[in-house]
Amino acid sequence: MTLLKVQDLCVSLKTAYGRQDVISNINFCLNAGEKLGIVGESGCGKSITALALMSLLPPDSKTRGRIILEGRDILNLNSKEICSIRGNRIGMIFQEPMTALNPVKQIGAQISESIDLHLKLNRKQTLERVTELMDKVGLPVDRFGLNLYPHQLSGGQRQRVMIAMAIACNPDILIADEPTTALDVTVQEQILNLIRDLADSSGMALIMISHDLGVIAQTAQNVMVMYTGNIVEMGSTVDVYQNMLHPYTFGLFSAIPHAGSSSHLERKRLTSIPGQVPQLHQRPIGCNFADRCMRASKICKTKEPMATRVSDHHQVWCYHPLKEKI
Amino acid sequence: MKQPLVKIEGVYKDYQLPKKYLFEKAPVFRALHGINLELQKGTSFGIVGESGCGKSTLARIVMALDEPTFGKVFFDGQDLFNMPKKELRHLRRNFQMVFQDPYGSLNPRKNILGIVAEPLDTLKEKLSFAQKKERVAKILVEVGLNATDTDKFPHEFSGGQRQRIAIARALITRPSLIVADESVSALDVSVQAQVLNLMMDLQEKYKLTYMFISHDLSVVEYVTDQVAVIYMGQIVEQATTRALFQKPLHPYTQTLLMAVPDVNPLNKKQKNKNKVPLFEKIHGSCPFIDRCIKATKTCVHNAPELLENHGRLVACFNTD
Amino acid sequence: MLRTLVEILRHGLKNRSFVIGGTISLAFFLVAFLSYFWTPYPVEDINIADKLLKPSSQYLLGTDHFGRDILSMLIKGARNSVIVAFVAIGIGIGCGVPLGLTAAAKKGWMDELIMRFNDFTFAFPSLISAIMITAILGPGSVNSIIAIGIFNIPVFARVARGAALSIWKREFILAARSAGKGQFRISVEHILPNISSMLIVQATIQFALGILAEASLSYLGLGTQPPMPSWGKMLNEAQTFLHFAPQLAIYPGIAIALTVMGLNLFGDGLRDVLDPKLRRSR
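First to last, the sequence lines map onto chains A, B and C.
For the first sequence, position 303 matches number 303 in the numbering used here, and the numbering has no gaps at all.
For the second sequence, position 308 matches number 308 in the numbering used here, and the numbering has no gaps at all.
For the third sequence, position 241 matches number 241 in the numbering used here, and the numbering has no gaps at all.
Looking at chain A on its own, in the form it has when it is part of the complex:
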């Protein structure tokens, strides 16, 4: 069942160079219980996409297109209706757990905030719910207590509090924007396991945003690769990772230092993508990746590529995909 449908989403922001499209032509569907990964480098628009879904974009931004959540276009809702969706139907976890938590409020009070707002519960029920949530995210109340302040917790524990806040009202969709980037690998593993288990057990859909291909591989069924505000490749994670078609996706994978290549003699140079990610106001006409692409031809620099459907679950936006077998 389709839970969320995003159609032709474009977001433009006011910049020093005038109004610029930060993301454009974003189309995707999210089914109930699906785990979708969005992967890309900084500035590719993955966070803006997440903020657009939450209607949390800065006030001077303009959004076009449609974001349909269960038949209702949330871009047409007034602020009161949006508030009833935010935190209630869609929960979000941010990257930096230190700044996303209020440093002067106890964690119990912060977790109960959205419960008070969206669920009509009395004090006792609220307390029960908070206790239940803390257990769920691995911060049992008998050991941690509700009256701790964020600075008394470690980074991983703070991220657990964030997760408890995000899932407090049993949302249908959980958006995790780089939830483990600020954490150590061992803690990252725990947090990823926690998010995955929570999504599996409650049946909520997950949108996992990360620059780390490994994180996406371990958490998402489907993946969307973004570059400079556009989707360049989309499909099931297995398809995209094992049968990548877009030169950019390929470049990303080749750039990871691979295991087993160590020792002086056999150390190979890493394959890197030449050039830099273009600035917002310097994005080229046509395919945004054309300037850095080995396979680019004339048409790439004049006209934006359309989606090519390779299989049911695999689309690519490229004139010259790596394996042309359509």
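Worth flagging that the hints you see were computed from the coordinates, not collected in a lab.
Treat the hints with care, since some could be wrong.
[Stated by the list, open to error] Once the Cα atoms are required to be at most 30 Å apart in a straight line, the calculated DSBU-like pairs of lysine-lysine come out as:
#	chain 1	residue 1	chain 2	residue 2
1	C	K169	B	K86
2	B	K124	C	K107
3	B	K86	B	K72
4	C	K107	B	K72
[As the list claims (entries may be wrong)] Among the chain B residues that face chain A by a calculated CB cut under 8 Å, a handful are:
#	residue
5	S51
6	T255
7	K268
[Claimed, not checked] To list a few chain B residues with every Cβ distance to chain C over 10 Å, as calculated:
#	residue
8	Q40
9	T69
10	G71
11	G77
12	D201
13	D225
14	E280
For each residue, glycine too, the CB sits at the ideal point set by N, CA and C.
Take the given structure of chain A and dock chains B and C to it, following the hints.
Frame of chain A, contents of chains B and C only:
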């Protein structure tokens, strides 16, 4: 045996924490706990560990930016912390550092010429402005930038380019040691690959010695010849990179390597759910005991020493 | 340097308080500068016959009890205010900034010593201490400059120290240290340029306060001495005639209020203009 380029001997570093009560003696946090290391000329040495394990403190001590509480650091046989300040200042041309944050490590108010030429200011021989400019232009080309970039300011460059500028600054005095503290962590993968390639090329060209500090295991595996794993201020395992990544012996190293998310989506990891650490940490026990699934009663009352084991150094009783 | 100035102007012209405050402040400085070349009448001229005249085409703002032209006195008074406030700020920056930079660089007991001395100075109400200083050194504009200047020192020391401490934590300072630079060179070459915008904003605020302080001291007769006119002294002299010639008090009052307001607005605007610039060029 050749003389090592850097020799770290029994380095301890204590930091004073803020007092809780007025008349209390300030509590002490021991960031480094008896580190011994030798860096051979022309090789890359990796330091791995979680945040707060003391790896950055170690970098600062090797760079003589911080003094150790106990212990000595020798650079090319000279004791860094037992020499006149002026001599140390001149010796600094031989070891330079590349920092983590490409935005914070360049002074936004200075142009590229001023930034890259800065280490030249403290050299014994004074250079003229033209000489400086020439050297900066040359080094900029070498790190893949334009010779004409000297008049630009840091905000005109992207993260990867800024890190190249930082590398240029570190290289301008022709040092023999470069300490890279998380130098590529803040960069995107594709740019990270460019910078890593550059660092490898420069190593070959100038026979540089790298001390490479990172939490990113795949980067360390790619770059280094030797690795030391640090846990709570102590080295728990030290080996050649290849041996360590092929068969980690210390349980902490194993935990670290296991935790790296696999890029292959079909390789889902089985979780060790039924295995939980059995022991609490008490005074005198192994520092890793409260996270170790292999711990035995021996580990409770004795802290393991870093000993030779299968041709490497490991600090664990249960390495079978 | 010129480029930054143009940049500041370009952004400043979009900021309302920058424009309004800037215009008022600029007018004030121009008037003060004008007094070197021209005043409608010489201010030393006493013309008892024309005393206490109402505004007319001959005397635009009227005359005081000695028959001196009020407009001329205001113009010359502006010059006086500028000089006093300017030199006082010079003293404040000249002593305070090095102290603050030293405190931030040395830390430890040096920091304690400097900052406790600062607290000590801060603990006295500045105007009362200024009265004390002028009482000891004798009244006069030079002494009032010194008195006001001394109280600018801890203000600038504190601002410089606070800002410098946060810059000292940045990585490029570590880079400079590993290049072999000492604390003094780092303070001058790296810290100072990065805290300059904060110091400039503080300077505009202290400038306004300096004008107020000068007016207060002159009002009490401890500041500028006759025949040099001063806004504070004009207020004092107008007191006697408040009932039948209130305009004598109103004009300098308006001049003081307008100038101080203009400078404060300018300072606020400048802070807003400089701040995003800092963020962008990070």
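Could you work out which of the previously given hints the structure breaks and list their numbers from low to high?
none
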